[in-house]
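Guided by the hints, dock chain D onto chain S, whose structure is given.
2 protein chains.
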Amino acid sequence: MNDDQLLLSIAVLGGTGKEGKGLAYRWARAGYRVFIGSRSEEKAVAAAQEIQQMLGEGSSVVGMSNPAAAKEANIVVITVPYSAHRDTLEAVKEELKGKILVDVTVPLVPPKVSTVQMPAAGSAAQEAKQIVGEGVEVCAAFQNISHEHLMDDADVECDVLVTGTSKDARAETIKLVQAAGLKGWDAGPIENSVVVEGLTSVLIGINKKYGSTHAGITITGAGNSPK
Amino acid sequence: MNDDQLLLSIAVLGGTGKEGKGLAYRWARAGYRVFIGSRSEEKAVAAAQEIQQMLGEGSSVVGMSNPAAAKEANIVVITVPYSAHRDTLEAVKEELKGKILVDVTVPLVPPKVSTVQMPAAGSAAQEAKQIVGEGVEVCAAFQNISHEHLMDDADVECDVLVTGTSKDARAETIKLVQAAGLKGWDAGPIENSVVVEGLTSVLIGINKKYGSTHAGITITGAGNSPK
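Quick mapping for you: the protein sequence lines, in order, are chains S and D.
Once you know that position 194 of the first sequence is 193 in numbering that gives the first Met the number 0, the rest is easy, because the numbers rise by one and skip nothing.
Once you know that position 208 of the second sequence is 207 in numbering that gives the first Met the number 0, the rest is easy, because the numbers rise by one and skip nothing.
Pulled out of the complex, with its shape left as it was, chain S reads as follows (with noise of 0.2 Å):
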């Protein structure tokens, strides 16, 4: 554990889904103090302790609701259905000022998952950035991860793009990413989200087509960044 890690605590709202569950697994492993957050503060009891003891003493997960969850980390993970997205973040928007929001959600709209459909901002990060409005940095990130093998320990085969509104909140966010196991790189400003965003339903459709369950992508070309 080093000094950032002391320093942050990180909030997974939607933290009961299967891919919330498992990044706050992977930060509770490498030291964070997490709260996980969910619409229904006994589901996020339950899912709290259940990495509690799959990580014994000595880490910090605490189920809560959304909103609380929200107010005591300093960077905020949103990890819901597209359907609960705008939701969710007005009903934590005035915990998240100062803070970094760090988006996961792909805007899928069913039945045609494999296809591209942004909203009208452009991307899921950027509604969000619309909806939590100023004083708040916005990251996208994690959206091409398969939640499969991220309780377990298993190498994850997917790097992870990163864009948001500043430098240095993907900076943040890829520390976030390194703490998780996994590769990050810096993708560039919130606008470029629509490709991140859309690259999971490029994915789901190559699944689909090539019969895997978790196609992912990797840099190339680009040396390593560090993992």
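These are calculated hints, taken from the structure and not from any lab test.
Every residue, glycine too, gets a C-beta built ideally from N, C-alpha and C.
You may find that some hints are simply not true.
Straight-line distance between alpha carbons at most 27 Å, and here's what the computed DSS-like set of lysine-lysine pairs gives [said to hold, decoys possible]:
#1 K166(D) x K111(S)
#2 K96(S) x K174(S)
#3 K174(S) x K92(S)
#4 K166(D) x K182(D)
#5 K182(D) x K182(S)
#6 K207(S) x K166(D)
#7 K166(S) x K111(D)
#8 K207(D) x K166(S)
#9 K92(S) x K70(S)
#10 K182(S) x K111(D)
#11 K208(D) x K98(S)
Far from chain D, some chain S residues (derived; all Cβ distances over 10 Å) [to be verified]:
#12 E40
#13 S64
#14 K70
#15 E89
#16 E94
#17 M150
This is chain D only, laid out in the frame that chain S set:
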């Protein structure tokens, strides 16, 4: 050379540019009949002669105007800068009926070339489809491939994501990818082109940030698509 190649001829519009000439070289090397098109017939002839000299007898590369090249070929590839995209398509669209158009264009808007900025149609490929109209299948591919290693015989460590207006057209385009010595993936409908075109801006940004010159991507976790 197999039956497909005997039947197929490829026009490369804008084939005097680095990307187009590199692709033309690789297809001629694979045994396809290649027509290099340019606004300048003189430059087209010079580029064709250059490739012909590299490959020697038995290869077939001819230079001509863009419309003449489009008329001769079964498959038409457009590799012009975005600023010449519309005019080039308008000049050849009558020659495209019943054919496949493969669009390599990335709609970069200088000076912010590492920020995704798509045209109103959603992507350059969707704009191409609007211009060429009914009776032409439009695919998009090769936007993420650095021209650097196309004209030597080095392996290119970047996969090609192929989007397009039909599954059959994407399958035909993937054959061209493979003929060029690259690995191709069906990346879904033409609406997904924003991801692949936009990825070029992300890769330009990664090159700038991480000091590389030819960042690319590979698809992981989905087995080996045939190369």
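Consistency of the hints with the structure:
Between the alpha carbons of K166(D) and K111(S) the distance comes to roughly 15 Å, so the proposed pair stays at or under 27 Å and holds. Only pairs whose Cα atoms come within 27 Å are accepted, and K96(S) paired with K174(S) is accepted, the gap being roughly 21 Å. At roughly 23 Å between alpha-carbon atoms, K174(S) and K92(S) fall within 27 Å of each other, so this suggested pair holds. Pair hint K166(D) plus K182(D) holds up; C-alpha atoms about 17 Å apart against a cutoff of 27 Å.
Restraint check for K182(D) and K182(S): satisfied, since their Cα atoms lie roughly 23 Å apart, inside the 27 Å limit. Taking the CA atoms of K207(S) and K166(D), the gap is about 13 Å. The hint holds against a cut of 27 Å. The hinted pair formed by K166(S) and K111(D) meets the criterion: a straight-line CA distance of about 15 Å does not exceed 27 Å. Restraint check for K207(D) and K166(S): the C-alpha separation of about 13 Å stays at or below 27 Å, so the hint holds.
With a C-alpha separation of about 10 Å, the suggested pair K92(S) and K70(S) falls inside the 27 Å cut-off, and the hint holds. A threshold of 27 Å between alpha carbons decides the hint, and for K182(S) with K111(D) the separation of about 26 Å falls inside it, so the pair holds. In summary, the hint linking K208(D) to K98(S) is supported, as the alpha carbons are separated by about 24 Å, within the 27 Å threshold. Taking the minimum C-beta to C-beta distance to chain D, about 35 Å, the non-interface status of E40(S) holds against the 10 Å cut.
Once the 10 Å rule is applied to beta carbons, S64(S) is consistent with being away from chain D; the minimum gap is 35 Å. Look at K70(S): its CB is around 33 Å from the nearest CB on chain D, clear of 10 Å, so calling it non-interface holds up. Once the 10 Å rule is applied to beta carbons, E89(S) is consistent with being away from chain D; the minimum gap is 27 Å. Separation of E94(S) from chain D is adequate, the least Cβ-Cβ distance of about 30 Å exceeding the 10 Å criterion.
Against chain D, the non-interface label of M150(S) holds: every CB pair exceeds 10 Å, the least being about 17 Å.
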